[in-house]
Each structure stands twice: as structure tokens, then as C-alpha cells.
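Novice: Chain G is fixed; fit chain Y onto it per the hints.
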Amino acid sequence: MSNSSTIANGAAAEEHHAHPAYQRHHFETIEQQFDATNFAMWLFLLTEVMFFGGLFTAYLIMRNWYYPAFVEASHQLNIGWGTANTGVLILSSFTMAMGVWNAEMKRKGGLVLCLVLTFILGLCFLGIKSIEYHEKWEKHHIPGLHYSVSSFVNPASDPEVFAEYHDKPLAPDMAAKTEMYFFLYFAMTGMHALHMIIGICLLGYLIVRANAGDYTTGHVTYIENFGLYWHFVDVIWIFLFPLLYLISRY
Amino acid sequence: MSEIQAESHHEHHIVSPRVYLSILGVLFVATGLTVWMSFIDLGEWHFAPGLTIFWNPVVALAIACTKAVLVVLFFMHVKYSTKLTKLTVVAGIFVFLALMGMTLCDYFSRAWGRW
Chain G
1 MSNSSTIANG AAAEEHHAHP AYQRHHFETI EQQFDATNFA MWLFLLTEVM
51 FFGGLFTAYL IMRNWYYPAF VEASHQLNIG WGTANTGVLI LSSFTMAMGV
101 WNAEMKRKGG LVLCLVLTFI LGLCFLGIKS IEYHEKWEKH HIPGLHYSVS
151 SFVNPASDPE VFAEYHDKPL APDMAAKTEM YFFLYFAMTG MHALHMIIGI
201 CLLGYLIVRA NAGDYTTGHV TYIENFGLYW HFVDVIWIFL FPLLYLISRY
Chain Y
251 MSEIQAESHH EHHIVSPRVY LSILGVLFVA TGLTVWMSFI DLGEWHFAPG
301 LTIFWNPVVA LAIACTKAVL VVLFFMHVKY STKLTKLTVV AGIFVFLALM
351 GMTLCDYFSR AWGRW
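Which chain is which? The protein sequence lines are G and Y, in order.
For the first sequence, the working numbering gives the first residue as 1, with consecutive numbering after it.
For the second sequence, the working numbering gives the first residue as 251, with consecutive numbering after it.
Please keep in mind that the hints were generated in silico from the structure rather than gathered at the bench.
Fair warning: this is a prediction, and the values are worked out from it, not measured in the lab.
One should not assume that every hint holds.
As the list claims (entries may be wrong) - On the chain Y side, residues computed to face chain G include the following (Cβ under 7 Å):
| hint | residue |
| --- | --- |
| 1 | N306 |
| 2 | V308 |
| 3 | A310 |
| 4 | Y330 |
| 5 | T338 |
To be verified - Computed far set for chain Y versus chain G, every beta-carbon distance over 10 Å:
| hint | residue |
| --- | --- |
| 6 | W295 |
| 7 | H296 |
| 8 | A298 |
| 9 | P299 |
| 10 | G300 |
| 11 | L301 |
| 12 | T302 |
| 13 | I303 |
| 14 | K329 |
| 15 | F346 |
| 16 | A361 |
Ideal Cβ positions, reconstructed from N, Cα and C, are used throughout, including at glycine.
Bound conformation, chain Y alone:
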């Protein structure tokens, strides 16, 4: 009994307002940055015939991912959560990316996609 309790024991961590405030600051800066970057033509990279990467959407989504990770880790306390919660979050992101990735691969590799 006491062993089980010791294993599952997990101190409830209280995140301090200072952490919340600095995350808020970073999120505001990142929002300003992504808007500013959207007004600049970041160009494109032809790295193979028929394959081009446009940098504007890549940068915008990279900033969005950074902001989302900060919200999840600090505002949603995942950084201070149990391993079970961490595993749940990572598994969710993984399944989402796998489902979306496979769907996109299917759609973009079929000739019948263009009508």
C-alpha cells in the first residue's frame, strides 16, 4: 500500500506568476514577429526539380508551433505534470501528425486530385 502510494505520489506543482508573465511576454513578441515576417518576402528554395519550399508559411508555422509548445508546457502545466500526462500529450500529437501526414501523402500523390 505505502509502496504504491510512494510510486504514484506526485507533488502538485504551483507555477509562479513570474513564469506566466514571462511566457505572456514571449507569446506577444512571437505574435509581433510572425506578423512582421508575413510582410517580408522570404523567398523560396528549389531544392529539386518540381520541389520548392516557400519560406513564408514555413516560418509562420514554425513560430506558431513554438507558441503552442510554450502554451502547452507552461500555461497547461505539462512541464510539471506526471509522465502519464506527458505521454498522453505526445501520443496525441503523434497520432494527429501520422493521420494528417498519411492523408496528405495520399491526396497529393494521386493524379485524380486535380479537378
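In isolation and in its complexed conformation, chain G is listed as follows:
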């Protein structure tokens, strides 16, 4: 009895022929495992597309209904800061992509360096965003918190923006709709920033594990899929930037 079970175990061990330790037993090949996790990550990203899609759709509808309010409210955003943040985020996507390459090439030092750079660039993005948010706070442009329409019913009271755009005063009922613009601005950029914060936290964890040599053994799934998440957040910003900052000059 004990003899036959030993033989059976031996046969089972035989069937578990050489494969890397990180290949789960329910996958036939490592390629199959990679494709399955890649597919799953994309399904998650599609739910994110639908989530942000609702916000984008709301923005387009409100922008069409309250067009003058949305144009003048957009003029409050600083294109310089927006461009800087776009550059920072694109650069962080590049460093993340290079991180994936380093993991694939099993270069531990390069991987850690790329992840740390991505981490720092992510923090830069949030720093610039907080400068912009702070300005909104000072100007009472936070919806629901002592919101003030004075920049819109009396544009000359806001000399910096007025010098650039020479906006005409809005009627009080239209000026009130600028609050809707800022509501959507904070909902969209805030939700994007939340994704950045989650990404940065995950990056901290990945840096520690990468430093311990966990992702340079040929098992790149975690780095690859985190990269997908990070690039997705970049894609969201690629659309937020023109919609919120750029398209209201003419």
C-alpha cells in the first residue's frame, strides 16, 4: 500500500517536469499563464474605461449645455502647469516601460532605478497638481466650499486671467454654472490623482520587492501588469489635458 502510493507520488512528480517555480499548477505553459494574467488585467482596465467614461460623458454634456460658463471657467486653469504635468506623466510612462524592459532582461539595478524614477515623477505630478488645487482654494473655486462667482460675473476682478483672455462678464445664472465645471474638474482630476496615489503606493511596494530580486528571475507578470495600470492612468490624463485646459481658448 505504502509502496504503491510512493510510486504514484513518484509518477506525479515525474509529470511535474521542469518548469519555473512561479508557474502556477493550473497553467500548462508559462506563456499561457502570461496571456491569462494579461487578459485579466485588460478586463480590469476596461472597467476603468467605463468608470472614467461616465465622467467624460458628463463633462461633454455639461460643456455643451453651459458652454460660456465652461469656457470662462477653463480659463482659470494654467496651461503651463498642465503642459508640465503632461510632460512629467509621459516621462514617467517611459521610465515605467523601461522598468518592464529591465525586468525582462533580468537587470535588477536598472529595474529598481526605473521604478524609483517613476515613483519620483509620480510625486512630481501630484506636487504640481496640489499647486493648482491650492490656487483654486485661494480663489474660492472649490464647489460647495464658499464658492465665489466673482471671477465670472466681474472678470476684471481677476486681473491675471483677465489680462490673458479679456473675458466678458457672465450673467449670474450662467456664472453659477461655473461651479459645475469645477465640480467636474475636481471629480475628473481628483479621481485621476487618486489612481496616481494608489499607483505610487504600489510602486513603493514593488521597489522593495524588486530590490530583493523578486522580479528579475524571469517572472515579470507583476511589473508588466503594474505597467499596464500606470500607462492607463497616463492615457486618461492625455484626454483630460486637452478637454480641461486646451480647447477653450478659441
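Specialist: Positioned in the frame of chain G, the structure of chain Y alone reads:
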């Protein structure tokens, strides 16, 4: 068994740093271009009574779409992925556009939209 493996077999493609670097360059150029274009009045086109196309937002969104496609294809490796992943991505974009398109058609074609 071996047939199934052969069918599902898919070489993991490693994208070279040179590709990443050139995509980074194109993305930076496109960002500069879209900011520059936003400072120019591109005008409008009245192609039917009551229907006007403003070119500034069209150009800005076209550049944004180009940048997003480059990120998805190269940084996110979809160009080198399995057909399953490609189909998933395209299906996601299609469903998003269909849902948004139908919602916008509904909102913009109702008289009660204006209050």
C-alpha cells in the same frame, strides 16, 4: 495536447528601449504641437444650417487620440499581444464609444435639455 500548446503558443516579445525612446520623443512632440495649436484660432466650418464644426477641439482631440494609441500599442505592448488581448482592447473602445455616443445623441436631441 501538443496541438493545443502549439495553437496557444505565443512568444513573449521584448520591446527594445529604442522603440520606447522614439515613442517618448513622438509623445513629447505631439504634446508641444497640441499646446501650440491651442494658441492658434483654427476657425470653424459651417457645413449645414445650424451645424458648425470648431476645429480647435477637433485637432486637440485628434492629437490626444494619436498619443493614446501610441501609448496603448507600444508602452502597453498591445501591438505585440495575443489576438485575445487585441480583441479585448478593441471591444472595450467600441463599447465605450457606443455607450457615450448613444447617451450624447439622447441628451442633445431632447428639447428638455436646456434649463
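Novice: Take the hints in turn and mark each one as holding or not.
Specialist: Tested hints:
1. N306: Check passed: Cβ of N306(Y) comes within 5 Å of chain G, closer than 7 Å.
2. V308: violated (9 Å)
3. A310: Check passed: Cβ of A310(Y) comes within 4 Å of chain G, closer than 7 Å.
4. Y330: With Cβ-Cβ at 11 Å, over 7 Å, it is violated.
5. T338: Holds, about 5 Å.
6. W295: The claim stands: W295(Y) keeps its Cβ more than 10 Å from every Cβ of chain G (closest is about 14 Å).
7. H296: The assertion about H296(Y) holds, with a minimum of 16 Å to chain G.
8. A298: holds (18 Å)
9. P299: Label holds. Min Cβ-Cβ 18 Å, cutoff 10 Å.
10. G300: holds (14 Å)
11. L301: For L301(Y), whose nearest Cβ neighbour in chain G is about 13 Å away, the distance exceeds 10 Å, so it holds.
12. T302: Per Cβ check, T302(Y) is outside 10 Å of chain G; nearest 12 Å; holds.
13. I303: holds (13 Å)
14. K329: Since the minimum Cβ distance to chain G is about 13 Å, K329(Y) lies beyond 10 Å and the statement holds.
15. F346: About 5 Å separates F346(Y) from the closest Cβ of chain G, which leaves it inside 10 Å; violated.
16. A361: holds (13 Å)
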